[in-house]
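Q: We have chain A; now place chains B and C onto it with these hints.
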Amino acid sequence: MEKIQKMLEELSNLKTDMHNKDFLLTWQKTDAEILATLKTAETLKALYESNVSTKVFETGLAVSQFRDNSTRTRFSFTSACNMLGLAVQDLDEGKSQIAHGETVRETSNMISFLTEVVGIRDDMYLGAGHTYMKEVAASLDDGHKEGVLHQRPTVVNLQCDVDHPTQSMADLAHLKNVFGSIENLRGKKIAMTWAYSPSYGKPLSVPQGIIGLMTRFGMDVTLAYPEGYSLINDVVDTAQTNANKSGGKFQVVNSMEDAFRGADIVYPKSWAPFHVMQRRTELLRSRDNDGLKTLEKECLANNAKYKNWECTEEKMKLTKNGKALYMHCLPADISGVSCKEGEVAASVFDRYRIQTYHEAGYKPFAIAAMILLGRFKEPAQVLERLLASNRKRVGA
Amino acid sequence: MEKIQKMLEELSNLKTDMHNKDFLLTWQKTDAEILATLKTAETLKALYESNVSTKVFETGLAVSQFRDNSTRTRFSFTSACNMLGLAVQDLDEGKSQIAHGETVRETSNMISFLTEVVGIRDDMYLGAGHTYMKEVAASLDDGHKEGVLHQRPTVVNLQCDVDHPTQSMADLAHLKNVFGSIENLRGKKIAMTWAYSPSYGKPLSVPQGIIGLMTRFGMDVTLAYPEGYSLINDVVDTAQTNANKSGGKFQVVNSMEDAFRGADIVYPKSWAPFHVMQRRTELLRSRDNDGLKTLEKECLANNAKYKNWECTEEKMKLTKNGKALYMHCLPADISGVSCKEGEVAASVFDRYRIQTYHEAGYKPFAIAAMILLGRFKEPAQVLERLLASNRKRVGA
Amino acid sequence: MEKIQKMLEELSNLKTDMHNKDFLLTWQKTDAEILATLKTAETLKALYESNVSTKVFETGLAVSQFRDNSTRTRFSFTSACNMLGLAVQDLDEGKSQIAHGETVRETSNMISFLTEVVGIRDDMYLGAGHTYMKEVAASLDDGHKEGVLHQRPTVVNLQCDVDHPTQSMADLAHLKNVFGSIENLRGKKIAMTWAYSPSYGKPLSVPQGIIGLMTRFGMDVTLAYPEGYSLINDVVDTAQTNANKSGGKFQVVNSMEDAFRGADIVYPKSWAPFHVMQRRTELLRSRDNDGLKTLEKECLANNAKYKNWECTEEKMKLTKNGKALYMHCLPADISGVSCKEGEVAASVFDRYRIQTYHEAGYKPFAIAAMILLGRFKEPAQVLERLLASNRKRVGA
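Residue numbers (my numbering), protein chains in the order written: chain A, 35 to 430; chain B, 35 to 430; chain C, 35 to 430.
So that you can see chain A by itself, here it is in the shape it has in the complex (with noise of 0.2 Å):
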């Protein structure tokens, strides 16, 4: 409990503006604010942990949409929601119909009367998600300052075609438990690098939300890709001057090897290439099936020239002392287990195979801390009201 009470000292020591406010990509937020919300994430865990219900809305309702399956982030947010005492009302327009304009002013309202939150996912169309949430996040204001709504619900963004900021907020938690501190990541070699897999068309969002969010801590990012695999100009703009900014480094080369020389953690995660994924988005708008089948085939084609992008234990041997930590958002493409040749060989995915659990179960907590933060002025004096109310969570 006193830990408890320390973490709840430096989150009240920390200056943000998160209330009434979005969680949509993490480079709109302060350091500061992305501080907060790992702070708040590690409270709510603490929490949990001791067995101290983390429920501060009697009642209210938080809506889900998922423009893409989903099964462990829509579980996420079911469980951060639930954590908090809200309930999940799925909207589900089908996957096929994208709304504008007066349908998304008027359907972001209609379904907003009693809800706290709205948690989106759409990562299919390259320009379209993140266009999307704003669309959504301007109809609530509007909707709010009408006095049609009586509280501003909160936007989190479970994936769009830009950031993925819960998982990159889930890795950065994971980060900071292994090594330490935030502090410790200072210098720290990262490789996020591209990886083989015999599917095609995986959003760019994880990598361009790790170049994204690690760049700000003084960690030294190399993004690797094989040539023409590259993300989106403007994040990797925004990764260089968060580099500049923060005394890291960050550099874009074209060899798994590179990347993974001295590395302390390494992240291997295959994406379709910029230029696919704005084809693609092309042929899904116009419906156009056999264009859609021909560049899958093309796109399959070209990733097979890069089979040798695989983390294996060869490649592990070249990160620090060959014990680089590696990542996953899971799950993973691994050779021989869930595909003959994939991402990364069986024998280091099992090494790390539980890590890979434990980066994912911040998530939760992750999700729990953006919906707190966007929903109370001071979440320090809300916490430390659960903690002195001491309400058990499990146990009548």
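Don't read these hints as lab results, they were simulated from the structure.
Check before you lean on any hint, since a few could be wrong.
Which copy is meant is left open, so a pair is good if it fits within one copy or across any two.
The calculated lysine to any residue pairs, modelled on SDA-like cross-linking and capped at a C-alpha distance of 25 Å, are [what the hints assert, rightly or not]:
#1 LYS210 / GLN62
#2 LYS426 / SER84
#3 LYS426 / GLU412
#4 LYS179 / LEU359
A: This is chains B and C only, laid out in the frame that chain A set:
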């Protein structure tokens, strides 16, 4: 808080007999019961906005059964249930399968062992929706009488072929708020008129709900539609009887202009003609897809003759001081926005957009009121206890 | 309240070891554990009916995974979880996709960070359902041991290929209530018999569950089926062993009349022969649709030879004083009502209809008991605290 205290006094002065009853059609309820529902909805809204918890159930289930797609009503129902402490569980039979007899009796009991409310939307088939709800209600009566069900769940009509009471009650709450009181509605002219839409098969329940409810408070209700677009006869008769009793007026005209002239309120909304809905019901039942296509074609062609039934700026000028209140259950077919030509001109809709959102905002509270009155013998006392306990809804 | 106090004393006298364990097969539980489950279910029912809140979790998730359609079991599970304070989140993999190995291990952990119970229904494939549940359980053990999961969720079998413990425990609760005590069941004859149905592919888990559980309390259990409709051998052996141990009887006959003769209880219900389910499992796995059609045709033709296996008034006259208790897990195939010729004559069913509803009404409480015993080391103390706090379930 004094305001709420006053509301509760007014509520406890109304003599009602709603405990263990359902809310299926507004005209099955006495005036006092309608006013009690309205007062309870307003009280719940006031408590909500004062951050007082309205959780009257520690645990308990709410069953939702949507036999037609729905986003708005689904969220309103979920919000209402959540606000009272109930968890929603969907009963999803598949849209095509319409259960009867033994199956309804059995299923109604099987889903209700710990259930407090069953919300049903069934508006696709003329002659079916209301009948089905009565069948469910009778099954629950039976199960309760036989001791199978410890409590008698309340059935709430979330839209049937005959009435849409959660909509009309929200509309009444909105009117009361705009005009200051129920008494002030006396003599006010409301034009419930058909309007052109490029779609077909819209249910009759909204116009029927409006003429069935608004005739009870001395309003001057004009129903307008092109020849052939009549409603269910019984409901029209009910409206006339209500008007006679309440000292109001009820008339049917075949001109949108006539209806708009001097109106204080206009409610322009498309629906399918009664006889089309009857044919459609038969075709749906016999799964005659060709017949359905032919009917749709015929019906759209017929609609197209009445494209001038649009709520334009010009027609709005005919209303009282050119400033009638525009109402709609949403979503509206807005000309040039959601369709080429539709129910309402974009400039008219835009001027009233926020008001229609406020109108919709009463729905969760109207539904919660129906549940509360159905489940508690002394609803005013229950609400008083909520007020007295002053347990915060948000904020630990 | 004194009655409940007495139940709790009896419960605390039963030596059980169910904490952090699963409820997969009744025959994996000791007699004391079966009785404790029954007692806990009865206590929860009594608390519910006394309007005492049974909420032992402030927050927490319940995962439901239905690999087959279900309405009744779904509502029972949701009711059970809700009664204890848990929110249900569905894990929906799609019916065709049966995950194995790495995926099961990973998914089981990913959905369980804040989860207290995982309810699984998987009864389609012989040899698969129970195996899958054990795989999930082992994954949760692993995750808990490794510190990935703060708590060890309890797996509850909501019907597998081998057993249907939530059904058989509800049946036992019903029998205890009808006959006054478990002791009174000693020597009573129960006829678990096959009955004709115009459908095919019904699981074996209900008859297996009944013979596996009812043989434990000294009952005279007769299993009857036409030649060729045998059950899984291991379960039949278990029933025989149970009967020997408990001083009861177990016999298999091939005549419905023989089974009914002198029976105190009859449970006539259709199922598919074991060897048909095996062939069906193979055909489903190889997605051999033609083979499945052929099998269905063969199987229905074979069923049709045994249309006289119907629970008629005439057969009921063979039972003890012609008044045996009729039981069914519902829905029954009622001749002339839900099908032309079926498991039971309409007049017989109708006489026992309300009793079958009561039978089903125990299921939510039986499931809640399994959860409570799986999650709490001292369940009697938890229930005592609920009783002492006397927090109202309904009524603010």
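Q: Now, for every hint given, state plainly whether the structure supports it.
A: Status of the hints after comparison with the structure:
For the homomeric pair LYS210 and GLN62, the shortest alpha-carbon distance inside one copy (21 Å) is at most 25 Å, but the shortest distance between copies (44 Å) is not. In this homomeric assembly, LYS426 and SER84 come within 25 Å of each other (Cα to Cα) both inside a single copy, at 9 Å, and across copies, at 24 Å. For the identical chains of this complex, LYS426 and GLU412 are neighbours both inside a copy (23 Å) and across copies (16 Å), given an alpha-carbon limit of 25 Å. For the homomeric pair LYS179 and LEU359, the shortest alpha-carbon distance between copies (21 Å) is at most 25 Å, but the shortest distance inside one copy (47 Å) is not.
Checked against the numbered hints given earlier, the structure satisfies every one of them.
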